[in-house]
Amino acid sequence: MAALIRLSELGVGTSGTVREFPAASTAMVRLREMGLLAGTTVTHVRTAPLGDPIEIKVRGYRLTLRKSEAEQILVEPTAG
Amino acid sequence: MALPEHISRASGAPAPSRQPIYALVGNPNCGKSTLFNALTGLKQKIGNYPGVTVEKKIGTTYSQHGQPMTIIDLPGAYSLAARSPDEAVTRDVLLGRRSDTPQPDRILCIVDANNLERNLYLVHQILDLGRPVILVLNMMDVAAQSGLRIRTARLERELGIPVIPCEAVNGKGLVQLRMAMSRPDLPLSRHAWDVPAAIAPAVSDLQASLTEHSGKSPLIARAEALLLLTDQNTVRVAGSAPLHTRTTDILGHWQKKWSSEGTDWAASLVSSRYDAIAKLCAETVEQRTLTSGPSQSDRIDGIVTHPVWGWLVLGGVMTLLFLSIFTFAEYPMNWIDDHVATLSEWVKSSMPAGDLRDLLTDGAVAGVGGVIIFLPQILILFFFIGLLESTGYMARAAFIMDRLMSRVGLNGKSFIPLLSSYACAIPGIMATRTIEDHKDRLVTILVAPLMSCSARLPVYLLMIAALLPSGEVPVLTKVGLMLLMYFLGTAGAFGFAWLFKRTLLKGEPPLMIMELPPYRMPAIKDVVLHMLERAWLFLKRAGTIILGISIVLWFLASYPKVPEGVPASEQLAQSFAGQAGHLLEPAIKPLGFDWQIGIGLISSFAAREVFVSTMGVVFNAEDTGDDTTPLRQALATATWPDGRKLFTPLVCFTLMIFYVFAMQCVATVAVVRRETNSWRWPLFQIAYMTGTAWILSLMVYQVGCLLGF
Chain A
1 MAALIRLSEL
11 GVGTSGTVRE
21 FPAASTAMVR
31 LREMGLLAGT
41 TVTHVRTAPL
51 GDPIEIKVRG
61 YRLTLRKSEA
71 EQILVEPTAG
Chain B
1001 MALPEHISRA
1011 SGAPAPSRQP
1021 IYALVGNPNC
1031 GKSTLFNALT
1041 GLKQKIGNYP
1051 GVTVEKKIGT
1061 TYSQHGQPMT
1071 IIDLPGAYSL
1081 AARSPDEAVT
1091 RDVLLGRRSD
1101 TPQPDRILCI
1111 VDANNLERNL
1121 YLVHQILDLG
1131 RPVILVLNMM
1141 DVAAQSGLRI
1151 RTARLERELG
1161 IPVIPCEAVN
1171 GKGLVQLRMA
1181 MSRPDLPLSR
1191 HAWDVPAAIA
1201 PAVSDLQASL
1211 TEHSGKSPLI
1221 ARAEALLLLT
1231 DQNTVRVAGS
1241 APLHTRTTDI
1251 LGHWQKKWSS
1261 EGTDWAASLV
1271 SSRYDAIAKL
1281 CAETVEQRTL
1291 TSGPSQSDRI
1301 DGIVTHPVWG
1311 WLVLGGVMTL
1321 LFLSIFTFAE
1331 YPMNWIDDHV
1341 ATLSEWVKSS
1351 MPAGDLRDLL
1361 TDGAVAGVGG
1371 VIIFLPQILI
1381 LFFFIGLLES
1391 TGYMARAAFI
1401 MDRLMSRVGL
1411 NGKSFIPLLS
1421 SYACAIPGIM
1431 ATRTIEDHKD
1441 RLVTILVAPL
1451 MSCSARLPVY
1461 LLMIAALLPS
1471 GEVPVLTKVG
1481 LMLLMYFLGT
1491 AGAFGFAWLF
1501 KRTLLKGEPP
1511 LMIMELPPYR
1521 MPAIKDVVLH
1531 MLERAWLFLK
1541 RAGTIILGIS
1551 IVLWFLASYP
1561 KVPEGVPASE
1571 QLAQSFAGQA
1581 GHLLEPAIKP
1591 LGFDWQIGIG
1601 LISSFAAREV
1611 FVSTMGVVFN
1621 AEDTGDDTTP
1631 LRQALATATW
1641 PDGRKLFTPL
1651 VCFTLMIFYV
1661 FAMQCVATVA
1671 VVRRETNSWR
1681 WPLFQIAYMT
1691 GTAWILSLMV
1701 YQVGCLLGF
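Chains A and B, in that order, are what the protein sequence lines are. Under my numbering, the residue at position 57 of the first sequence is numbered 57, and the numbers go up by one with no gaps. Under my numbering, the residue at position 442 of the second sequence is numbered 1442, and the numbers go up by one with no gaps.
Keep in mind that the hints were calculated from the coordinates and are not lab data. Fair warning: there could be bad hints in the mix.
What the hints assert, rightly or not - Simulated pairs of lysine-lysine, DSS-like, Cα-Cα distance not exceeding 30 Å: (1) B:Lys-1256 x A:Lys-57; (2) B:Lys-1439 x B:Lys-1540; (3) B:Lys-1561 x B:Lys-1348; (4) B:Lys-1256 x B:Lys-1506; (5) B:Lys-1216 x B:Lys-1257; (6) B:Lys-1540 x B:Lys-1348; (7) B:Lys-1045 x B:Lys-1172; (8) B:Lys-1439 x A:Lys-67; (9) B:Lys-1525 x B:Lys-1045; (10) A:Lys-67 x B:Lys-1501; (11) B:Lys-1506 x B:Lys-1439; (12) B:Lys-1056 x B:Lys-1540; (13) A:Lys-57 x B:Lys-1279; (14) A:Lys-67 x B:Lys-1506; (15) B:Lys-1216 x B:Lys-1056.
Claimed, not checked - Below, a sample of chain B positions facing chain A; criterion: calculated Cβ distance under 10 Å: (16) Tyr-1078; (17) Tyr-1121; (18) Pro-1307.
Think of the CB as a built atom: it goes at the ideal place given N, C-alpha and C, for glycine as much as any other residue.
Take the sequences, apply the hints, and build the full model.
Encoded structure:
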């Protein structure tokens, strides 16, 4: 298994698989309900012009979240 | 449409004996309002859920046999585990927790066919409720274009409920939907999914307690039990029935047990639902052609959210918005002004002189004029906001601006309402409905009137003219002074937002979990309908308050009457308003203002620009319309009783500072009252803004005096 990195560190245009998700907080439950779960593939589409928030692609749609949330989620970068 | 045999034969819930009530639910951005408008046409009623600031929309549609059916359009929601007052209302109505709304008999779920997996999450929660559900797959045309094939019949068989493909924008599928809605019996879903084993006992405990203590039917109780486990700090809103303490105890007991064992119950529940949904989608959705390269939406986003072009686009859109509010609105506003004046003249000429005539012309007609004068700006702003929302640009603007807004503890969604407030705080405050978080919305409403609106402009212009007589100073100095006022107001708004988010309305750290929907052609019909709806609500709710207070203000300025032939300035001085000006003088004397300016401050409550015309009356300046020269000369000669000059440069400057911060607009008060559903916040707003205005003006004047200005 490749080393885990924070979702906020995933390079623009690259994808990864969510591996670790922090335990219950309102924000984290909502992100799960929006389809971001352990095992889900995400792509970092772009970062906002001022550096925050980021836009990700998950389950075929686009979602924004702030870096403060993204750095709590660990992903395994997809090889290649 | 003939329904498959397994559905038509399924033993369904019997049709209710009275007119059936449908609830319409769906995620935001899935075309829910379009479908609601298409089904109900103009047969809609808009109100408020008592005690909350969530809009209640109810419409009527007809079955294929012409029987009326009620549809409640519930606020868009991603989940029944509510995170905003909007979602809480959707949850509570569906669970039958609200005494002010009947529990719907049947549920119409609309989903975006292009984004089935996430949209089905809410549907999955709703299927648990044990009510008949009809699933509407919207935007099938877009799905087909991007190569998605959805096996509707298969989905129907798996879920056991009618599934209707539809294109709400052009009305395709509506006939089939109406037929399904008209069926006397609708099947209950046969979809079964596995509640994680670790959680199942807790669900049964909670279900038993809800059935026993709250009198819920077993299915609803089970659905509510499942929700309680993912509702983090359950958003409670006024009007919703509280949980029985026994139920709360059971919930607490299980949560403590799981916490000590390290079981993440919410996560495992959400995961099991998504597992079930993924299985459904695998069987029913087929991606036929793999779209190559970036989609059209992606290409647009490459420009619109680009570090350089993105700002240019945002700047361009905002400039266009402003130009249209300022320039296009001017013509209808002048037209309204002229016609109100004509109407007033006509009444004057066709009625005998007297109190009643004055009440009608100067009170009622002028008051009605003062209400409808806001309509052009409201209509234009909401047309624009509707376009921005409907195309998907609104979410991009919030995405770009979020970082800046986060500095003061707000998120990107507060940007448009605050910006609109430069034109007029009223549409700005009405536009805060797009902010889901209750506290963020309230903070935005509280600070919006600090943005210098267009009604302050005439006051600034008059004061700058009095302060810096033309010819003596370069134009640039005047422009600089004007910009300083706009800057002070903006800084005040952000400063207070920062302060309120840290003290009064301290909340969760702001989130920016937002969907970026694909760009779409705007549905003009819905945009226009939404715009008219806003304007109507303004007239109905705020208009009556504004009219009432305008008449009171007119009365205060006109009574008690003085004998004929006395100049208007004397009439005003003798009136209740004049007396109030005298009463006010001790409070405003430290700011360098006398009682005559006091009258102007009081009359500003009708609208800030009224200050200018009031000064004209007070100082007997000839009324020459837009040209303020005679008034400026009159102000230059005004003095205190001891002969000191009244409008010194320092007093003019202090007065401008006062106008930047003071809350002096009845119309805004009325709108804040309506949008927050209580008098508490508008009163607080008057107090904090006017208090700040007084303190800052005092400091400016006193320090200025000390420095010898």
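Hints versus structure:
no.: 1; hint: B:Lys-1256 x A:Lys-57; verdict: 35 Å, violated
no.: 2; hint: B:Lys-1439 x B:Lys-1540; verdict: 26 Å, holds
no.: 3; hint: B:Lys-1561 x B:Lys-1348; verdict: 18 Å, holds
no.: 4; hint: B:Lys-1256 x B:Lys-1506; verdict: 27 Å, holds
no.: 5; hint: B:Lys-1216 x B:Lys-1257; verdict: 26 Å, holds
no.: 6; hint: B:Lys-1540 x B:Lys-1348; verdict: 27 Å, holds
no.: 7; hint: B:Lys-1045 x B:Lys-1172; verdict: 25 Å, holds
no.: 8; hint: B:Lys-1439 x A:Lys-67; verdict: 22 Å, holds
no.: 9; hint: B:Lys-1525 x B:Lys-1045; verdict: 18 Å, holds
no.: 10; hint: A:Lys-67 x B:Lys-1501; verdict: 20 Å, holds
no.: 11; hint: B:Lys-1506 x B:Lys-1439; verdict: 8 Å, holds
no.: 12; hint: B:Lys-1056 x B:Lys-1540; verdict: 15 Å, holds
no.: 13; hint: A:Lys-57 x B:Lys-1279; verdict: 20 Å, holds
no.: 14; hint: A:Lys-67 x B:Lys-1506; verdict: 21 Å, holds
no.: 15; hint: B:Lys-1216 x B:Lys-1056; verdict: 24 Å, holds
no.: 16; hint: Tyr-1078; verdict: 6 Å, holds
no.: 17; hint: Tyr-1121; verdict: 6 Å, holds
no.: 18; hint: Pro-1307; verdict: 4 Å, holds
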